[in-house]
Every structure is written in C-alpha cells, then in structure tokens.
Amino acid sequence: MSMSAPTVAGLRLQLASDLHLERYPDFVLEADPHADVLVLAGDIGSYQAGSRLAERADADFGLGQFSPLRPGSPWQRVLFVPGNHEFDGIEFADAQPRLRATCERLGITWLDGEAVVIDGVRFLGSTLWSDFAALAVREHGVTAQMAALDKALRAANFYLRKNSTLRDGQPMLSEDLRALALQSQAWLREALQQPFDGPTVAVTHFAPTLHSADPRYGLTPGTAGFCNGLNDLLPFADLWLHGHLHCPNDHTVRGQREDGSAWACRIVANPRGYFGKGEQAGFVARCVLSVPDAHAAKPMAAITAA
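Position one of the sequence shown corresponds to residue 1 (UniProt numbering), numbered consecutively onward.
Calculated directly from the structure, the hints in this document are not laboratory data.
Everything numeric in this text was worked out from a predicted model, so none of it was measured.
In this text, a Cβ means the ideal position worked out from N, Cα and C, and glycines have one as well.
Check the hints yourself; a few may be wrong.
Simulated crosslink set (DSS-like; lysine-lysine; CA at most 30 Å straight-line) [as the list claims (entries may be wrong)]: (1) K151 / K277; (2) K162 / K277; (3) K162 / K151.
DEER-style ranges, computed between Cβ atoms [claimed, not checked]: (4) F275 / P97: 42 to 50 Å; (5) G169 / G50: 16 to 24 Å; (6) G50 / P97: 23 to 31 Å; (7) R100 / E175: 23 to 31 Å; (8) V28 / R100: 22 to 30 Å; (9) A57 / G218: 24 to 32 Å; (10) Y274 / E30: 34 to 42 Å; (11) G107 / A57: 31 to 39 Å; (12) Y217 / A147: 14 to 22 Å; (13) P215 / P97: 34 to 42 Å; (14) D58 / G218: 25 to 33 Å; (15) G72 / F275: 25 to 33 Å; (16) F158 / F92: 17 to 25 Å.
Please construct the entire structure, taking both the sequences and the accompanying hints into account.
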C-alpha cells in the first residue's frame, strides 16, 4: 500500500495517528511539503502511568510540535480528534476541556464533535468510541445479538479495569464507553446527513466498520472494542480517516443507492503504533491523500448499505 503521493488534484491531507508520544517523546513527524492540512486522528500523546511526556515542562499532550503558531512550523492547518488514550490518567470530565484549551493555545483546530470547511471540503470529526455491537449486529435473532454484545463488553472490561481513564476516581468500563459511542454516533449521523455541496471527510479515532479489523487477530469479541458497525454511514462520506487499530488501512467500500447511483467511501488509517510489536514498519511518515474536487451528491433518500 502506498499513500505517499497524491494522484488527484484537490486538497491534500497528511494523515497520522497513534504516535503514542508518551512512549516515544522524541519522535518528530516529518512534514510533507505538498500537504495543505495535517490530520491527527488520535492517540498522539497521553499522561497515563509512566508517560515520558510528564517529564516535560509543557503539558501539551505532545501536540506542541504540530502547532502552526510555532516559529518555522511546516504545518499550515492542523485538525485534531482525540483518541481514547488522551483521556488516560486524567478525570474524564477534566480531560476534554484541557485538551481543547491546549489546541486553542497551539492554534490547532479541535474537531471532536465539530464540523469545519476548508477550501470547499467539509470535515466532520469525532473520537467516536465503540458501541461494542459491530459483531452483535451480524447475528440473527435478539438472543444471539445480546449474547455477542455481552461477550464484547466483558472482553473490553478485562482491559479497561487495568486502564486509567477515570470517572470519579474509578475506571470507566465498557458500558460507560458504549454510552459515549451512542452519543457520538447520533451527532455524526446527523452531521453527515446535512446537505453539503462538496466533498465530505469524516475523521474519527475508532474505526467506522469491520472493514478495518486488524488481520493479526481476526474477528473476536475484542474486535468490537476497536471497530464499529456503521456501514450505513459510509455513503455520506467520500473519505473516512481513522486510527486506534495499530495496522495500516487503505480500502474503498462501494455501493449503490436506491436511485441507482453509485457511491464510494475510501477508508484510510496510518497509525505508528508500538515498536515492540513490530507495528511501526507499516507507518508512512509522509502519508498524503488528495480529496477529489469532483463529488457525487449524497441524497437523503434511503441507501443500500454495503
């Protein structure tokens, strides 16, 4: 998979996620001179236990290097959606205001729950979280669906109990995150369905569908903690950028609307991940994507999901 050179005229986006600067604080992302916008799709840096960012004077979640306001900065415009790990080690209610204030101070555009238009391209952003139902909705019958959902929730809690995302001093578990996901989905669904005369780019941390499942692990109950089952939203976006899974993705999902017109949504992830797991080999330092100028209008009529 090559994502290093744009081949279609249009707004050029450089994509990166899952840099995990809490482990690799000296990593510096190479700026592509052809990029118009840098998109950071979450898990850039955190203050979880043992974070090496905590040793630094500027508590900026590692975002400082991306500030367009920094003298000599190569970045013209930067969009940021937080991942799940940005909330580690901090009370959840305090984390988002702190992250948002950091972005404002650095001149970075906060995109979580926001819509931004740049040069005729609409960007819609959300951490998205996971409702843990991606596998459950594939089952037949309510009983089987509920059993699959329960397995996914329990699988997530095994990990989340060791995590440090807190609410009132207690770890936030899968039911808490599912509630966040349903809220995020409701916002994103409504935003995507607003008419817009131009290309739409969705930016989320969690993956929209099982198309992005990590092939190293297959489809297990744990997969539902990384991927959602939002196939019905794909026809409303031309490009969907995400992170969270530490495996690169670049694939296009196609379908047909009820009126016979075709739609296509390209889904791309460019995570750096962890060195010890061999994940950084797939990271493209200068991953640049072009948003096509041409755009097929997305009617609000019912759509056949892929």
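- Message: Just to be sure I understand the hint, the distance between the Cβ atoms of G169 and G50 should be within 16 to 24 Å; is that true here?
- Response: Roughly 19 Å apart at Cβ, these two residues keep to the hinted range, so it holds.
- Message: Given a hint of 17 to 25 Å, does the C-beta separation of F158 and F92 actually sit inside it?
- Response: For F92 against F158, whose Cβ atoms are near 20 Å apart, the range 17 to 25 Å holds.
- Range agreement (Cβ of G218 with Cβ of D58, hint 25 to 33 Å): Given a distance of about 41 Å, which is not inside 25 to 33 Å, the answer is violated.
- Measuring from beta carbon to beta carbon, are P215 and P97 in 34 to 42 Å? Since P215 and P97 have Cβ atoms about 38 Å apart, the given range 34 to 42 Å holds.
- Message: Given the hint of 24 to 32 Å, is the C-beta distance from A57 to G218 inside that range or not?
- Response: Given a distance of about 44 Å, which is not inside 24 to 32 Å, the answer is violated.
- Honestly, do Y274 and E30 meet the 34 to 42 Å range at C-beta? violated (19 Å)
- Taking the beta carbons of Y217 and A147, is their distance inside 14 to 22 Å? With Cβ atoms ~20 Å apart, the hint holds.
- Query: Measuring from beta carbon to beta carbon, are V28 and R100 in 22 to 30 Å?
  - Reply: holds (24 Å)
- 30 Å Cα cutoff - pair K162, K151: holds (18 Å)
- Query: Could one say that the CB atoms of R100 and E175 fall in the range 23 to 31 Å?
  - Reply: holds (25 Å)
- Query: Is the distance from the Cβ of G72 to the Cβ of F275 consistent with 25 to 33 Å?
  - Reply: At roughly 28 Å between Cβ atoms, F275 and G72 fall inside 25 to 33 Å, so the hint holds.
- Query: Within a Cα-Cα threshold of 30 Å, do K151 and K277 meet the stated pairing?
  - Reply: holds (26 Å)
Going through the hint list in order, the structure does not satisfy hints 4, 9, 10, 11 and 14.
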